[in-house]
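Since the structure of chain A is already known, use the hints to place chains B, C, D, E, F, G and H with the ligands on it.
8 protein chains.
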Amino acid sequence: RRKGAPEVIFGETKTTEQILAMAQGLLAGTGRAIISRMPAQSLEMVKEVFAQYEMRYQEASRMMVIYAPGYTRRSTGGRVGLISAGTSDIPVAEEAAMIAEEMGCKVTRIFDVGVAGLHRLIEPLRSLLEEDIDVILVVAGMDGALPSVIAGLSPVPVIGVPTSVGYGMGGKGVAALLSMLQTCAPGLAVVNIDNGVGAGITAGMIANRVAHTRGSRS
Amino acid sequence: RRKGAPEVIFGETKTTEQILAMAQGLLAGTGRAIISRMPAQSLEMVKEVFAQYEMRYQEASRMMVIYAPGYTRRSTGGRVGLISAGTSDIPVAEEAAMIAEEMGCKVTRIFDVGVAGLHRLIEPLRSLLEEDIDVILVVAGMDGALPSVIAGLSPVPVIGVPTSVGYGMGGKGVAALLSMLQTCAPGLAVVNIDNGVGAGITAGMIANRVAHTRGSRS
Amino acid sequence: RRKGAPEVIFGETKTTEQILAMAQGLLAGTGRAIISRMPAQSLEMVKEVFAQYEMRYQEASRMMVIYAPGYTRRSTGGRVGLISAGTSDIPVAEEAAMIAEEMGCKVTRIFDVGVAGLHRLIEPLRSLLEEDIDVILVVAGMDGALPSVIAGLSPVPVIGVPTSVGYGMGGKGVAALLSMLQTCAPGLAVVNIDNGVGAGITAGMIANRVAHTRGSRS
Amino acid sequence: RRKGAPEVIFGETKTTEQILAMAQGLLAGTGRAIISRMPAQSLEMVKEVFAQYEMRYQEASRMMVIYAPGYTRRSTGGRVGLISAGTSDIPVAEEAAMIAEEMGCKVTRIFDVGVAGLHRLIEPLRSLLEEDIDVILVVAGMDGALPSVIAGLSPVPVIGVPTSVGYGMGGKGVAALLSMLQTCAPGLAVVNIDNGVGAGITAGMIANRVAHTRGSRS
Amino acid sequence: RRKGAPEVIFGETKTTEQILAMAQGLLAGTGRAIISRMPAQSLEMVKEVFAQYEMRYQEASRMMVIYAPGYTRRSTGGRVGLISAGTSDIPVAEEAAMIAEEMGCKVTRIFDVGVAGLHRLIEPLRSLLEEDIDVILVVAGMDGALPSVIAGLSPVPVIGVPTSVGYGMGGKGVAALLSMLQTCAPGLAVVNIDNGVGAGITAGMIANRVAHTRGSRS
Amino acid sequence: RRKGAPEVIFGETKTTEQILAMAQGLLAGTGRAIISRMPAQSLEMVKEVFAQYEMRYQEASRMMVIYAPGYTRRSTGGRVGLISAGTSDIPVAEEAAMIAEEMGCKVTRIFDVGVAGLHRLIEPLRSLLEEDIDVILVVAGMDGALPSVIAGLSPVPVIGVPTSVGYGMGGKGVAALLSMLQTCAPGLAVVNIDNGVGAGITAGMIANRVAHTRGSRS
Amino acid sequence: RRKGAPEVIFGETKTTEQILAMAQGLLAGTGRAIISRMPAQSLEMVKEVFAQYEMRYQEASRMMVIYAPGYTRRSTGGRVGLISAGTSDIPVAEEAAMIAEEMGCKVTRIFDVGVAGLHRLIEPLRSLLEEDIDVILVVAGMDGALPSVIAGLSPVPVIGVPTSVGYGMGGKGVAALLSMLQTCAPGLAVVNIDNGVGAGITAGMIANRVAHTRGSRS
Amino acid sequence: RRKGAPEVIFGETKTTEQILAMAQGLLAGTGRAIISRMPAQSLEMVKEVFAQYEMRYQEASRMMVIYAPGYTRRSTGGRVGLISAGTSDIPVAEEAAMIAEEMGCKVTRIFDVGVAGLHRLIEPLRSLLEEDIDVILVVAGMDGALPSVIAGLSPVPVIGVPTSVGYGMGGKGVAALLSMLQTCAPGLAVVNIDNGVGAGITAGMIANRVAHTRGSRS
Ligand SMILES: Nc1ncnc2c1ncn2[C@@H]1O[C@H](COP(=O)(O)O)[C@@H](O)[C@H]1O
Ligand SMILES: Nc1ncnc2c1ncn2[C@@H]1O[C@H](COP(=O)(O)O)[C@@H](O)[C@H]1O
Ligand SMILES: Nc1ncnc2c1ncn2[C@@H]1O[C@H](COP(=O)(O)O)[C@@H](O)[C@H]1O
Ligand SMILES: Nc1ncnc2c1ncn2[C@@H]1O[C@H](COP(=O)(O)O)[C@@H](O)[C@H]1O
Ligand SMILES: [Mg+2]
Ligand SMILES: [Mg+2]
Ligand SMILES: [Mg+2]
Ligand SMILES: [Mg+2]
Ligand SMILES: [Mg+2]
Ligand SMILES: [Mg+2]
Ligand SMILES: [Mg+2]
Ligand SMILES: [Mg+2]
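Chains as they are written, first to last, in the working numbering: chain A, 46 to 263; chain B, 46 to 263; chain C, 46 to 263; chain D, 46 to 263; chain E, 46 to 263; chain F, 46 to 263; chain G, 46 to 263; chain H, 46 to 263.
Since the hints were derived computationally from the structure, they do not count as laboratory data.
Idealized CB from N, CA, C, for every residue including glycine.
A hint or two may mislead.
To be verified - Pairwise CB distance ranges, derived in the manner of DEER restraints:
id: 1; chain 1: E; residue 1: M100; chain 2: G; residue 2: A85; range: 54 to 60 Å
id: 2; chain 1: G; residue 1: A85; chain 2: B; residue 2: L174; range: 41 to 47 Å
id: 3; chain 1: C; residue 1: Q63; chain 2: H; residue 2: K92; range: 46 to 52 Å
To be verified - In the DSBU-like style, the derived pairs of lysine-lysine whose C-alpha atoms are separated by at most 35 Å in a straight line are:
id: 4; chain 1: C; residue 1: K217; chain 2: A; residue 2: K217
id: 5; chain 1: E; residue 1: K151; chain 2: H; residue 2: K217
id: 6; chain 1: E; residue 1: K151; chain 2: B; residue 2: K92
Next up, chain A with everything else stripped away, as it sits in the complex (with noise of 0.2 Å):
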């Protein structure tokens, strides 16, 4: 039967106890636990905790996936296209797409290609839609100006994220999500600022969708 969306744990507002004993309950329950935006000083507590786990922790979003022994991540067969805008929208897209590929997707990326240099875009565009993607996530902050031109040249859904990136009037991410929201292209849908983890919960949801009918085809 077709499974949802993983449990994740927000890690910001939380002690290390309640991360600890949210973990614990995960692992007994499911195999897994995601632990996103890991306070800074439960980090070591944490992995010294769960030494004897497998672990995967991406240092730039703060995002830390531990294995049960015996847990095999399934592979659906989801195809997940990853475009962000600039360097300092790598944690958010990084985020995502580790969420993506807890679900089983694959997600191919493809980073730094902003709307000041239209040209660095087109190429890996094209081979990304040549890949028969299901659904791509664009991550901007700034002028959010990227998703819109990538909904205009696709065919497949859009999930725009904008990030907190920018200062200034419409900065930490408003003037991109606002841009977003009022974009001319058709099928681009949004998430909020800096939401990594609502953005590949949906596109993981999307293309395991495709891929389950894919799937059941064969």
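Just chains B, C, D, E, F, G and H with the ligands now, with coordinates in the frame of chain A:
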């Protein structure tokens, strides 16, 4: 080859002359013209000019579709669920529905189930999910709580569509949009306030991608 | 004669000297001093100065109550229900609980029941309502949808308490507050973001007014 | 068994047909239909269709109550105080009053006592409190200072109702709402700008809960 | 000696009498009167009073220029490129064009090239740049992404002009303005929403300064 | 001849070197240097450099006045009333007081009289008005209701000074400022949040103008 | 004994009946009724009812003063300077002027001197200051820069009055108000956008206080 | 052939490794690396790694330029005027200056001339204009009035650069930016708050375009 989104003429800021010219262009090119937010003062003229054509007109949303002789709308097999919270949300919901239907999807509607009466929601939602729907659109104004509730209960991707219903602080859809962006539930992406067209296109793209795979399976 | 609200010292913007002086004044006058948002740098000094007194200190909310020797907290028979959505909402919920308890009410807590998992909510809510509770406090951040859901299911007045949980647009409690102000459900009033003290006092006043009548009945 | 809030038809965003259908439904089911913000263009038709029924219509707030033959409004003994700051606040105040009265409460009104003339307020407030009122609604626009002043002088819960009176920055009720949310006085909760219906229901629920106990005492 | 900007009468907030008086003053002083945002109720009267004069009137932008007998508009040789995203942006674009033309510049227009169809943009932009243009005005509403794209592709200064096109959050030009302020592309400055006059003057000043040098060269 | 406002060095955004240089300049020119918002890291150095000079330093507001040898502050006879709502408002109130005193005015303080306890206000206000005060400064955060109440009870001009006290929506002085701008009471003008310096100068200018006339009378 | 501010009937949100009743009350009590923002639909009726009375009506601001027979406006000797930036600011400026005049002050007007042409300002301002004015009102919309410029050049207190002139971001007076609140110049306090009445009262109170001293001198 | 803008590494959101890698790339490619907003923790490492290279470092703005051996900065003959209002605006002003200088322009600075002391401005502005400057950058925080004043007095294009100086409502540059967007003066375009880099590039592009023509003339 996989098809994307239909072009839609945004009527609100156009003169009757501009609407007629663009509609004629689309009819000649694709056999169909879709006009959203038809201005009151343009309606009669458009009806007159295209009197010989088959038409579909939805009063509440002021959306019109005109078909050239011989045009047949394909059926893709995509399945879209459409849930709306209150009577006042119906125009936006129908705007989305018409678009998804024009993209070849089957749209199953559940109207008038707000969070103030959750018991009325449970049964119809269960039967919707049993239809193995590909994506759910949830249209809601005021508190915008319904999409979060639905996304928490459903294993398929949900697109939230805030409507400009509500007065006072956070009125005109602002609270609804923000609440959806801040959702605690997994798998919810959003479009802008009252953007039924954008929601319909995104849902149509998701459902059609699944359907395409489904279809090519048999 | 019916009693109103206790005075509460708002610690956040005060020096240790100001807190000590005000606490001494209240202890002399009423036999009890309540201090909310105790600044980290004042805690030890306050504990030391009042080392001889009975004390109650809630770490998460940094709220302290100091009792003069011989002080007995009356029990009014007021009944307050307290529901909170997530782990991060507990400090504000406990702030409200302590106030209502200091006002003599019995507080029944239901924690960790968000809209993303409504099924977990139904049973505890039913038993809460069966206790013939006088008023319900609902504490929630992010989408702020829970108070609307509760108010739709309950025949007693509900006070919504938004918390500053959540990031991005509408974060820090803004979406939660706006969504509560825009509620579709009847019988929901709100206090400001993170204002556990104000919520506790309002709930305490409502419950005590009912209790006073109830009590004087027998 | 204790009763909750009456259903109210929000007329503003409905067509005449929708209003008539919903009113007929409520009359058949409960013997009474309450319509708020009746659209100007629906009024005559509604009056005509229900010409045989007893009616109550409040011009300033455009609120109407229609009673089926034989309907008798119960009297609960709930006591609601209603204070409003200026002439322009009266429509919202009356909207709240009508709801509380339909819920069976006795409403005692004090109108036209702004903070710009506090001396006019003291005497009426004293006599209101001597009536042993259960809850006070305070309706105010512009600076929204009155609810804070009242809450500071009263031992009963206060519900603040900001109105959309005032122009310039903070106008249309924004300053009033924010000032109430920021109150220094204990025991003040709020509803949204111009939400007389919500205020009336909350006050009615509080007063009726007290009254229920009071009543069952004798 | 180098000339600055022409005086423009802002019609919107003026009475017909004020407009007539100011126009007469300018005609007497400089031989030309430019009136922007002519109020509907003033148009006929102004046309009548100056019936003997040569006139230029742009309906979409409601801008009028009146020339005293014998007035000859100088040609400076300044070259302004003008690009607009959608049909609805044309009135603001034409307002800017008229001002730049009245300042003696040649304006080359590229209309209707949004980011949703970038391929339509590349060719006209190339030929514009080949004309060795001095400055480019880019007029866009909704997502406001076009000016960033243009500035990224062009070696000349770009002035972004947001228009009040778009609804929902960030609508009426807000997202467009913020996105332009947050641009990732170099060499983009902006004027306020719908400020075609200001944009035209700034572009005219830049182009004329270049042209002055160019001209005095030969 | 009538004197205006003293120059004040805004310390917050300056380096120690800049503060020292500007102070030396003012001491040489006028015999006095006033520094507001002295940065923590500059304080010791400034004290050391001017160790030989007479000084006045107010800790709460971080304001300092340095007098050159032989400087005598004139007394103008201007009379300023200064009322503040809570303990947390005192730094801003003292900032205003120091400025008005440096301008030669006598400042009469009434501290700690919020709208939550109006009875405590009436007596001190009466005696203040009996001193035939020229202008009243009212300093308040949170709900900002106090200036409206004072202006309603006083026949002299009132300057409202919102402070950045308060959290949640409308916090950091926003509700206070907006409520003052929306005042129902006559004769209230405002300065920006926390702008004690601006308030003190305005009050000093008003009082000194009256005093000048008063003085030249005798 | 010193007199405070006249009562002013705010017409905008009142019915004709309410206006007439309040005007009659004031005429009976004080011999004068001042009505601001007279609604268009009330004007004729008010003129008719008080046809026998002396009247003063200012069209641009829709302000009216009605004098009972035998009423004589006292002259206090207060001196108010009134500067406005553009033609569109005149209605608000005249509203302020009428109030100050009704309070007995002499008002000296300088109109149409914006910051875009500072040279036109210097001479009139010099002669205004030579009249030994008591206070200056500066009325400005759009950029709101004029009050800061005036306050920087004048030794008397300045009251800034932002007007709702201007479109786009910061339009309707928002930028003007914020710029005044952020002034770099000493001695500038503000009232809300378009609040000519509040500005006139504050200026009248300041000037009359000076004048009272001046007058009692001789 | 005419050259556009230099690439600038935005240091603020980058790691030391990312900065080093990008700088090395630019040095290899163009012979120069420009880094703005160098993070404090990266400075020493960057200095060390490029110890052999010629460098320019501006402390206030934390901007650095590194030159490869043999690199010579060309001089274009472009002339940029740079005016700033207060001491606190200097870092942003210098950021703009460095960019324009790196683009080959001559930058003439006028610092510390706010609207609070206009007389100090007139003389330096006159001499600036006599230098036949191509474009003026005006850097100002708080009220943001200076760019409007300058644009009103100058016949060349002006770029306004708001800075994040100022506290309270409209603080952190918001009032400054809005006031510039609402300018009454002709020929003023803006960049975002604190965007010295963007301002410098735009001014450099304008000046270089003029200079190119000027240069190719001789
Ligand atoms: N009601 C609507 N809301 C949002 N987008 C729309 C709407 N109607 C049309 N569109 C989109 O706007 C674009 C058409 O704009 P236009 O060229 O101005 O007709 C197309 O990309 C449509 O998909
Ligand atoms: N954490 C809190 N949030 C909101 N109000 C509070 C809080 N703590 C104390 N108060 C209220 O603030 C007032 C005390 O303020 P103060 O006199 O400054 O200590 C009392 O009316 C309290 O009820
Ligand atoms: N549509 C417009 N938008 C922005 N500024 C304008 C517009 N029309 C005229 N102006 C400017 O506004 C000023 C004229 O204002 P006024 O004196 O009210 O006619 C001049 O500086 C014009 O350049
Ligand atoms: N705390 C303060 N708040 C507001 N304005 C201030 C403050 N301190 C000094 N000022 C004003 O800011 C200007 C001095 O700015 P600066 O040249 O940066 O020292 C003078 O006009 C002062 O009156
Ligand atoms: Mg697409
Ligand atoms: Mg779900
Ligand atoms: Mg309920
Ligand atoms: Mg109270
Ligand atoms: Mg470019
Ligand atoms: Mg007063
Ligand atoms: Mg001054
Ligand atoms: Mg100029």
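Evaluation of the provided hints:
Checked against the given bound of 54 to 60 Å, the beta carbons of M100 (chain E) and A85 (chain G), roughly 33 Å apart, lie outside it. At roughly 57 Å, the beta carbons of A85 (chain G) and L174 (chain B) sit outside the given window of 41 to 47 Å. Q63 (chain C) and K92 (chain H) have their C-beta atoms about 47 Å apart, which keeps the hinted 46 to 52 Å range intact. Taken as a hint, the K217 (chain C) and K217 (chain A) pair is honoured in the structure, with Cα atoms around 14 Å apart against an allowance of 35 Å.
Straight-line distance between C-alpha atoms of K151 (chain E) and K217 (chain H) comes to about 40 Å, which puts the hinted pair past the 35 Å bound. For the proposed pair K151 (chain E) and K92 (chain B), the alpha carbon gap of about 42 Å is over 35 Å, so the pair is violated.
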